[in-house]
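Asks: Chain by chain, the residues:
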Amino acid sequence: MKEPGADTPAPPHDASLLLEVEGLTTEFRTEQGRVAAVDRVSFQLHRGETLGLVGESGSGKSVTNLSILRLVPDPPGRVVAGRVGYRGKDLRTAAEEEVRVLRGRNISMIFQDPLTSLNPVLRISTQVQEALQLHHGLGGRQARAKAVEMLRLVGIPDAERRADDYPHQFSGGMRQRVMIAMALSCNPEILIADEPTTALDVTIQAQILELIKGLSARSATAVILITHDLGVVAGMCDRVCVMYAGRIVESAGVDELFSDPLHPYTRGLLDSIPRVDRAGGGRLHSIPGSPPSLIDMPDACPFHPRCPSAMDICRRAYPPETSRRAAGSDRARTVSCWLHAEVRGGPTQREPA
Amino acid sequence: MTDTDVLLQVRGLKVYFPIEKGILLRRRVGYVRAVDGVDFEVKRGEAFGLVGESGCGKSTTAMTVAQLQPSTAGTVTFEGRDLASLSPRDLRHARMGFQVVFQDPASSLDPRQRAADIISEPLRICARLGILDVDAGAITEKTFSLMESCGLSREFASRYPHEFSGGQRQRIGIARALALGPRLIIADEPVSALDVSIQSQILNLLKDLQRELGLTFLFIAHDLAVVEYFCSRIAVMYLGRIVETAEASALYQKPLHPYTRALLSAVPIPDPGKERGRRRIILRGDVPSPSKLMKGCPFRERCPDAMARCAVEAPALTAVESGHQVSCFLYPAVAVAPAARDGPA
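Those protein sequence lines, which keep their order, are chains E and V.
When you number the first sequence by our numbering, it's gap-free, plus one each residue, and the end is 353.
When you number the second sequence by our numbering, it's gap-free, plus one each residue, and the end is 1345.
Hints listed in this document are in silico derivations from the structure and should not be mistaken for laboratory results.
Treat each hint with caution, since some may be false.
Claimed, not checked - One side only, chain V facing chain E, incomplete, derived with CB under 10 Å:
id : residue
1  : Gly-1055
2  : His-1222
3  : Val-1227
4  : Tyr-1259
5  : Pro-1268
6  : Ile-1281
7  : Arg-1284
8  : Asp-1286
The beta-carbon is built from N, C-alpha and C at its ideal position, and this holds for glycine as well.
Bound-form chain E, shown alone (with noise of 0.2 Å):
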């Protein structure tokens, strides 16, 4: 198996491509207007590779995965427009007991807060054991032996007697845990994990990531991340997409996108972060004003008013998405700013079509 965080990406032939995402539009209705939290997002998800989607809150990074999953309330929201891929289908508009069959399954979730993901009234085992139950035809006594396996697997110590407790019983990163042994039970393809350690200290963040990293490497899953700290994707992914109201505005691999960031969202980003590894004292860089409201966007780049190099067009139009591909990489890059979008003959040459 491939080791995440290896340098080569997947191969770019089809073969290898697991989910692709094309246009997703997801739309809430509120007493103000209608709010596009998910603006024609596209992106896809090759075999066992980890990709992250980045960005503040209420980028819709969230909710782009509610909406490949169909968990979208509805009301108030609705997935607009868009495609789905995955395995030849069209998950937004399949029947609804196509989808459930492969939610848990084929394609599996770990929420930020287990606490609330899981039921305070159910023992961990009849949880961990519910999917594989549902989606293997497993009996209760052989779903017991595999769910107390996926536990100790997780590591859980004394998983045998713990699989008997309740989750208020489990502290958080244990909690965690149970999530991950009841995401991975079925061995799905595909893994989204949403903020997964953003409720958990660093120490007990670092033996999760380590324990996903290992597992996804491990049954070849393919993972996205979502999160807002971008040392946890500089360390997890190989691929990120950076959201910011309701679009992703740039994606890249993980090298190229912390070395030469296009987009001036993404390295007004990276700049204000502090580090472990540079010295404290000067001026932290800071992005001035905070993310719009994403009621009835205006059809113009959303961080122009917070942009330091925005120019008359940025508050025209929307910017098209640019793509290209450095050498050595075959995977292109893509990013919407004006500043990108005029490539005439310049230094780095157009995807060819």
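Mind docking chain V on chain E? Use the hints.
Replies: The following block gives chain V in isolation, referenced to the frame of chain E:
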């Protein structure tokens, strides 16, 4: 160092919360030792950081220093006065010298008050109690100048907290804390609830205010990168105790305590190349419950370097270099000029 350089001195601070059982005859069955013997000193003009993971007692320490939580034992001396010995009236006076900025700006601002009223409330209260001699006009003027220095436009004065973004709300909280002209700001996780791009704005604001007003900070945070950036000296807490104290740069370049080393190695660095080459010290297990009475070093169960001795006796915080103290048997104490330490009691 003379005594006048020390603005805040904390000695042997303990905060125990009793655990009680029974309905009619409630009896004490134990204690949660949230803070279990903490000593530190904050010098005038510096930013002193307390870091640690949830439950290590850093916030309880801060709230006890702020006199918002009674202590079980120990003393808090501010500007040379033991705060516990003051009468309620004198304490109110003394409080003008130290103010708190809280973590969650949404829940620490009264949703029914306008921004200007929130910011001016400390002034109005002190005027009413006769502690401060200011009239309404002066209060309004002061409020506007506070708003301005915290980056809030005057037009926001009559808005309610819900009309502000998270970062702006934290600016209101900071303006309120500055209203009485404090010397010490106790900032309890002031940027943890904020997004990255907003976090750096607030950190810059606090730095600017520190320089302009000569403020001293007791800065509590769980984010080591933030603490390193903001503070000149740092104490690392684990299970109610300080395990290491050092200058920020020394702590990050040469962490000594096994816990500090693990903590630093666990912090992700936003640089894929560095991340790939890093060796993480992954700690086993969780932090033990602070209600369990532990013999020996509180960290020994998770410590990769634990020795037989660690189970028997608890190491004391000792200086191993000038300005660098650690409580671990791995480091024999060296004779350092006892600059900040007390002699034997």
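Asks: Next step is simple, just say for each hint if it's right about the structure.
Replies: Okay, the hints, checked on the actual structure:
The criterion of a C-beta within 10 Å of any C-beta in chain E is met by Gly-1055 of chain V, whose closest approach is roughly 9 Å, and the hint holds. This hint holds: His-1222 of chain V has a C-beta 7 Å from the nearest C-beta of chain E, less than the 10 Å allowed. For Val-1227 of chain V, the interface hint holds, since its Cβ comes within 10 Å of a Cβ in chain E; the closest pair sits about 9 Å apart. A cut of 10 Å between beta carbons decides the hint on Tyr-1259 of chain V: the least distance to chain E is about 9 Å, and the hint holds.
Taken as an interface hint, Pro-1268 of chain V checks out: its beta carbon lies about 3 Å from the nearest beta carbon of chain E, inside 10 Å. Given the 10 Å rule on beta carbons, the hint for Ile-1281 of chain V holds: about 8 Å separates it from the nearest Cβ of chain E. The interface hint given for Arg-1284 of chain V is met, as the beta carbon of that residue sits about 8 Å from the closest beta carbon of chain E, less than 10 Å. For Asp-1286 of chain V, the interface hint holds, since its Cβ comes within 10 Å of a Cβ in chain E; the closest pair sits about 5 Å apart.
The structure meets every hint from the earlier list without exception.
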